[in-house]
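Asks: Sequence:
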Amino acid sequence: MKYAILTHGGAASPHVHSDGCVKAAESARSVLERGGDALEAALAATVILEDDPRFNAGTGSNLRFDGNTIEMDASVMTSDARFGAVACIQRVKNPILVAAKVMETPHLLLVGDGATQFARAHRFPDYDPLTEKAQAKHARAMAELRGQGDGDYAADAAPWLSIDWKSLWNFGAEAPFQDTVGAVVRDSQGRFAATASTGGTVYMLKGRVGDSPLMGCGVYAGPAGAVAATGVGEEIVRRFLSKTVYDWLEEGIPAARAAQRGIAKFPEIVDVGLLVASRDGQAIASNRNMASALLVG
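Going by the numbering used here, the residue at position 6 of the sequence shown is 6; the numbering climbs one at a time, nothing skipped.
Be aware that one or more of the hints could be misleading.
With a straight-line Cα cutoff of 20 Å, these simulated PhoX-like cross-link-like pairs (lysine-lysine) come out [stated by the list, open to error]: (1) K137 / K23; (2) K93 / K133; (3) K206 / K137; (4) K265 / K243.
Label-pair ranges, simulated between beta-carbon atoms [what the hints assert, rightly or not]: (5) K206 / E132: 18 to 24 Å; (6) K2 / E251: 33 to 39 Å; (7) P159 / A81: 32 to 38 Å.
Honestly, the hints are just simulated from the structure, not real lab data. In this text the structure is predicted, and so the values were computed from the model without any measurement. Glycine is no exception: its CB is placed at the ideal position from the N, C-alpha and C atoms.
Could you build all of it, start to finish, from the sequences and the hints given here?
Replies: Structure (C-alpha coordinates):
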(Lines of atoms letter the chains of each structure in order from A and count residues from 1; the text may use other names and numbers.)
(Lines give C-alpha, C1' and ligand atoms only; values in the text may rest on other atoms or scores of the structure.)
Protein backbone atom coordinates (compact mmCIF):
# COMPACT_ATOMS: atom_id res chain seq x y z
CA MET A 1 0.00 0.00 0.00
CA LYS A 2 1.24 3.51 -0.82
CA TYR A 3 1.74 5.97 1.98
CA ALA A 4 -0.02 9.33 1.95
CA ILE A 5 0.80 12.46 3.94
CA LEU A 6 -1.57 15.43 4.02
CA THR A 7 -0.97 18.66 5.94
CA HIS A 8 -2.72 22.01 6.23
CA GLY A 9 -2.11 25.40 7.82
CA GLY A 10 -5.73 26.25 8.56
CA ALA A 11 -8.85 26.98 6.54
CA ALA A 12 -8.07 30.70 6.42
CA SER A 13 -4.30 30.37 6.00
CA PRO A 14 -3.02 31.96 2.78
CA HIS A 15 -1.93 29.53 0.08
CA VAL A 16 1.45 31.28 -0.08
CA HIS A 17 2.24 29.66 3.27
CA SER A 18 2.02 26.17 1.74
CA ASP A 19 5.81 25.96 1.94
CA GLY A 20 5.39 25.42 5.67
CA CYS A 21 2.96 22.58 4.99
CA VAL A 22 5.40 21.03 2.51
CA LYS A 23 8.15 21.16 5.13
CA ALA A 24 5.85 19.45 7.60
CA ALA A 25 4.92 16.74 5.10
CA GLU A 26 8.58 16.15 4.26
CA SER A 27 9.34 15.71 7.95
CA ALA A 28 6.60 13.09 8.15
CA ARG A 29 7.98 11.33 5.07
CA SER A 30 11.42 11.15 6.69
CA VAL A 31 9.86 9.43 9.69
CA LEU A 32 8.16 6.85 7.46
CA GLU A 33 11.37 6.26 5.51
CA ARG A 34 13.15 5.51 8.79
CA GLY A 35 10.54 2.87 9.63
CA GLY A 36 8.23 5.00 11.74
CA ASP A 37 4.49 4.51 11.69
CA ALA A 38 1.59 6.81 10.82
CA LEU A 39 1.32 8.17 14.37
CA GLU A 40 4.98 9.13 14.60
CA ALA A 41 4.84 10.73 11.16
CA ALA A 42 1.71 12.75 11.91
CA LEU A 43 3.19 14.03 15.16
CA ALA A 44 6.41 15.05 13.41
CA ALA A 45 4.47 16.99 10.79
CA THR A 46 2.36 18.75 13.40
CA VAL A 47 5.38 19.81 15.44
CA ILE A 48 6.78 21.56 12.36
CA LEU A 49 3.48 23.38 11.88
CA GLU A 50 3.26 24.35 15.56
CA ASP A 51 6.78 25.76 15.43
CA ASP A 52 6.03 27.91 12.37
CA PRO A 53 4.91 31.32 13.76
CA ARG A 54 2.87 32.02 10.62
CA PHE A 55 0.30 29.47 11.75
CA ASN A 56 -2.15 29.73 14.64
CA ALA A 57 -0.93 26.78 16.72
CA GLY A 58 1.87 26.46 19.23
CA THR A 59 4.17 29.42 18.58
CA GLY A 60 1.99 32.16 17.10
CA SER A 61 -1.27 31.11 18.75
CA ASN A 62 -4.06 33.67 19.04
CA LEU A 63 -4.54 35.75 22.15
CA ARG A 64 -7.85 35.64 24.00
CA PHE A 65 -9.97 38.74 24.56
CA ASP A 66 -7.80 40.11 27.36
CA GLY A 67 -4.70 40.36 25.17
CA ASN A 68 -2.62 38.36 27.66
CA THR A 69 -3.98 34.82 27.73
CA ILE A 70 -3.04 32.06 25.27
CA GLU A 71 -4.87 28.74 25.65
CA MET A 72 -4.21 26.01 23.09
CA ASP A 73 -6.04 22.83 22.03
CA ALA A 74 -4.69 19.72 20.29
CA SER A 75 -5.63 16.11 19.60
CA VAL A 76 -4.38 12.98 17.90
CA MET A 77 -6.20 9.79 16.91
CA THR A 78 -5.08 6.55 15.29
CA SER A 79 -6.91 3.87 13.34
CA ASP A 80 -6.73 1.44 16.27
CA ALA A 81 -8.94 3.81 18.32
CA ARG A 82 -6.22 5.43 20.41
CA PHE A 83 -6.96 9.08 21.19
CA GLY A 84 -5.40 11.83 23.26
CA ALA A 85 -6.18 15.51 23.60
CA VAL A 86 -5.56 18.67 25.58
CA ALA A 87 -7.69 21.78 25.77
CA CYS A 88 -6.94 25.25 27.12
CA ILE A 89 -3.35 24.22 27.86
CA GLN A 90 -0.94 27.09 28.49
CA ARG A 91 2.78 27.74 28.16
CA VAL A 92 3.95 24.68 26.23
CA LYS A 93 5.73 24.71 22.88
CA ASN A 94 4.06 21.71 21.28
CA PRO A 95 0.55 20.90 22.55
CA ILE A 96 0.34 17.98 20.11
CA LEU A 97 3.12 16.15 21.97
CA VAL A 98 1.28 16.59 25.26
CA ALA A 99 -1.87 15.24 23.59
CA ALA A 100 0.14 12.22 22.45
CA LYS A 101 1.32 11.68 26.01
CA VAL A 102 -2.33 11.69 27.17
CA MET A 103 -2.81 8.68 24.86
CA GLU A 104 -0.62 6.73 27.28
CA THR A 105 -3.02 7.32 30.18
CA PRO A 106 -6.53 5.94 30.88
CA HIS A 107 -7.91 9.39 29.96
CA LEU A 108 -8.80 10.85 26.57
CA LEU A 109 -8.79 14.60 27.30
CA LEU A 110 -7.12 16.86 29.85
CA VAL A 111 -8.05 20.53 30.17
CA GLY A 112 -6.81 23.80 31.62
CA ASP A 113 -4.48 23.79 34.60
CA GLY A 114 -4.67 20.02 34.79
CA ALA A 115 -3.34 19.71 31.25
CA THR A 116 -0.54 22.19 31.93
CA GLN A 117 0.45 20.45 35.17
CA PHE A 118 0.40 17.10 33.36
CA ALA A 119 2.81 18.57 30.81
CA ARG A 120 5.16 19.75 33.54
CA ALA A 121 5.03 16.35 35.24
CA HIS A 122 6.20 14.84 31.97
CA ARG A 123 9.01 17.37 31.58
CA PHE A 124 7.56 19.58 28.92
CA PRO A 125 9.31 22.87 29.77
CA ASP A 126 7.68 26.24 30.31
CA TYR A 127 7.40 28.12 27.01
CA ASP A 128 5.78 31.40 25.98
CA PRO A 129 4.15 31.02 22.52
CA LEU A 130 3.32 34.72 22.19
CA THR A 131 4.50 36.51 19.03
CA GLU A 132 4.35 40.11 17.84
CA LYS A 133 2.08 38.94 15.01
CA ALA A 134 -0.44 37.58 17.52
CA GLN A 135 -0.35 40.86 19.43
CA ALA A 136 -0.95 42.87 16.27
CA LYS A 137 -3.81 40.56 15.25
CA HIS A 138 -5.42 41.01 18.65
CA ALA A 139 -5.17 44.78 18.45
CA ARG A 140 -6.85 44.86 15.01
CA ALA A 141 -9.58 42.47 16.14
CA MET A 142 -10.41 44.51 19.23
CA ALA A 143 -10.49 47.68 17.12
CA GLU A 144 -13.20 46.00 15.03
CA LEU A 145 -15.33 45.54 18.15
CA ARG A 146 -14.92 49.21 18.95
CA GLY A 147 -16.04 50.25 15.47
CA GLN A 148 -12.53 51.35 14.53
CA GLY A 149 -11.44 48.34 12.50
CA ASP A 150 -10.38 47.99 8.87
CA GLY A 151 -13.03 45.36 8.09
CA ASP A 152 -10.71 42.34 8.02
CA TYR A 153 -12.39 40.89 11.11
CA ALA A 154 -15.93 42.08 10.41
CA ALA A 155 -17.34 38.56 9.92
CA ASP A 156 -15.69 37.29 13.11
CA ALA A 157 -16.85 40.31 15.09
CA ALA A 158 -20.48 40.19 13.91
CA PRO A 159 -21.83 37.69 16.49
CA TRP A 160 -20.11 39.57 19.29
CA LEU A 161 -21.43 42.95 18.19
CA SER A 162 -24.99 41.60 18.39
CA ILE A 163 -24.65 41.05 22.16
CA ASP A 164 -23.21 42.86 25.16
CA TRP A 165 -19.92 41.00 24.91
CA LYS A 166 -18.40 42.88 27.85
CA SER A 167 -21.04 41.32 30.13
CA LEU A 168 -19.57 37.90 29.29
CA TRP A 169 -16.05 38.90 30.33
CA ASN A 170 -14.45 36.11 32.39
CA PHE A 171 -10.84 37.23 32.64
CA GLY A 172 -9.17 38.40 35.82
CA ALA A 173 -8.14 41.73 34.28
CA GLU A 174 -10.27 44.39 32.59
CA ALA A 175 -11.21 44.46 29.11
CA PRO A 176 -8.88 38.59 19.51
CA PHE A 177 -8.53 34.61 11.87
CA GLN A 178 -9.53 31.23 13.28
CA ASP A 179 -7.17 28.51 12.13
CA THR A 180 -6.04 25.03 13.02
CA VAL A 181 -3.03 23.14 11.74
CA GLY A 182 -3.33 19.44 11.12
CA ALA A 183 -2.04 16.31 9.46
CA VAL A 184 -3.37 13.00 8.19
CA VAL A 185 -1.04 10.09 7.46
CA ARG A 186 -1.56 6.64 5.95
CA ASP A 187 1.54 4.48 6.21
CA SER A 188 2.52 1.57 3.97
CA GLN A 189 1.04 -0.90 6.46
CA GLY A 190 -2.40 0.69 6.14
CA ARG A 191 -2.32 2.40 9.53
CA PHE A 192 -3.83 5.88 9.86
CA ALA A 193 -3.34 8.86 12.15
CA ALA A 194 -4.91 12.32 12.27
CA THR A 195 -3.89 15.39 14.27
CA ALA A 196 -5.20 18.87 15.00
CA SER A 197 -3.62 21.75 16.91
CA THR A 198 -4.87 25.30 17.36
CA GLY A 199 -4.57 28.56 19.22
CA GLY A 200 -8.30 29.10 18.78
CA THR A 201 -10.35 31.74 17.01
CA VAL A 202 -9.97 35.52 17.01
CA TYR A 203 -12.64 36.27 19.61
CA MET A 204 -12.46 33.97 22.62
CA LEU A 205 -13.50 34.01 26.25
CA LYS A 206 -11.24 32.31 28.73
CA GLY A 207 -11.90 28.57 28.70
CA ARG A 208 -13.39 28.45 25.20
CA VAL A 209 -12.84 25.09 23.51
CA GLY A 210 -13.39 24.51 19.81
CA ASP A 211 -13.45 21.41 17.65
CA SER A 212 -9.76 20.53 17.64
CA PRO A 213 -9.57 18.49 20.87
CA LEU A 214 -12.93 16.77 20.42
CA MET A 215 -13.05 13.26 18.96
CA GLY A 216 -15.20 13.15 15.85
CA CYS A 217 -15.13 16.91 15.42
CA GLY A 218 -11.54 18.03 14.81
CA VAL A 219 -10.20 14.56 14.01
CA TYR A 220 -11.29 10.98 13.54
CA ALA A 221 -9.50 7.81 12.46
CA GLY A 222 -10.42 4.17 12.04
CA PRO A 223 -9.70 1.17 9.81
CA ALA A 224 -11.36 2.90 6.84
CA GLY A 225 -9.23 6.04 6.99
CA ALA A 226 -8.57 9.31 8.79
CA VAL A 227 -9.98 12.83 8.73
CA ALA A 228 -8.78 16.18 10.08
CA ALA A 229 -10.93 19.31 9.99
CA THR A 230 -10.19 23.03 10.21
CA GLY A 231 -12.35 26.14 10.30
CA VAL A 232 -14.87 27.71 12.64
CA GLY A 233 -14.82 25.35 15.60
CA GLU A 234 -18.37 25.82 16.79
CA GLU A 235 -19.73 25.11 13.30
CA ILE A 236 -17.56 22.00 12.94
CA VAL A 237 -18.75 20.68 16.32
CA ARG A 238 -22.40 21.22 15.37
CA ARG A 239 -21.90 19.00 12.32
CA PHE A 240 -19.66 16.39 14.04
CA LEU A 241 -17.67 16.85 10.87
CA SER A 242 -14.72 14.47 11.03
CA LYS A 243 -16.77 11.47 12.15
CA THR A 244 -19.46 12.27 9.58
CA VAL A 245 -16.89 12.24 6.78
CA TYR A 246 -15.28 9.10 8.18
CA ASP A 247 -18.63 7.31 8.14
CA TRP A 248 -18.87 8.06 4.43
CA LEU A 249 -15.47 6.42 3.93
CA GLU A 250 -16.76 3.34 5.75
CA GLU A 251 -19.69 3.27 3.33
CA GLY A 252 -17.22 3.09 0.44
CA ILE A 253 -17.49 6.69 -0.72
CA PRO A 254 -14.16 7.82 -2.27
CA ALA A 255 -12.02 10.22 -0.24
CA ALA A 256 -12.38 13.12 -2.69
CA ARG A 257 -16.16 12.84 -2.82
CA ALA A 258 -16.43 12.48 0.96
CA ALA A 259 -14.30 15.59 1.44
CA GLN A 260 -16.41 17.66 -0.94
CA ARG A 261 -19.62 16.45 0.71
CA GLY A 262 -18.20 17.57 4.03
CA ILE A 263 -17.37 21.05 2.73
CA ALA A 264 -20.84 21.31 1.19
CA LYS A 265 -22.43 21.03 4.64
CA PHE A 266 -21.30 24.60 5.38
CA PRO A 267 -22.49 27.94 4.02
CA GLU A 268 -19.89 29.75 1.92
CA ILE A 269 -19.39 32.40 4.59
CA VAL A 270 -18.01 29.79 7.04
CA ASP A 271 -14.34 28.87 6.54
CA VAL A 272 -13.81 25.12 6.49
CA GLY A 273 -11.20 22.67 5.25
CA LEU A 274 -10.62 18.91 5.36
CA LEU A 275 -7.82 16.40 5.03
CA VAL A 276 -9.15 12.94 4.15
CA ALA A 277 -7.32 9.68 3.53
CA SER A 278 -8.88 6.29 2.89
CA ARG A 279 -7.31 2.93 2.10
CA ASP A 280 -7.20 3.71 -1.60
CA GLY A 281 -7.34 7.49 -1.91
CA GLN A 282 -6.70 10.87 -0.35
CA ALA A 283 -8.01 14.40 -0.73
CA ILE A 284 -7.61 17.96 0.48
CA ALA A 285 -10.72 20.13 0.26
CA SER A 286 -11.61 23.64 1.39
CA ASN A 287 -13.94 26.48 0.52
CA ARG A 288 -10.89 28.73 0.81
CA ASN A 289 -7.50 28.57 -0.93
CA MET A 290 -5.82 27.28 2.23
CA ALA A 291 -2.16 26.41 2.70
CA SER A 292 -1.70 22.65 2.35
CA ALA A 293 0.52 19.87 1.03
CA LEU A 294 0.15 16.28 -0.18
CA LEU A 295 2.85 13.64 -0.57
CA VAL A 296 2.14 10.14 -1.87
CA GLY A 297 4.70 7.41 -2.38
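Asks: Taking the hints in turn, state whether each one holds.
Replies: Each hint tested on the structure:
1. K137 / K23: Since the Cα atoms of K137 and K23 sit roughly 25 Å apart, the hinted pair is violated (cutoff 20 Å).
2. K93 / K133: Answer holds: K93 to K133 is near 17 Å, not above 20 Å.
3. K206 / K137: holds (17 Å)
4. K265 / K243: holds (13 Å)
5. K206 / E132: 18 to 24 Å: Distance hint for K206, E132 holds at roughly 22 Å.
6. K2 / E251: 33 to 39 Å: Hint violated: Cβ distance 22 Å, outside 33 to 39 Å.
7. P159 / A81: 32 to 38 Å: Given range 32 to 38 Å: holds, Cβ gap about 35 Å.
Checked against the numbered hints above, the structure violates hints 1 and 6; every other hint is satisfied.
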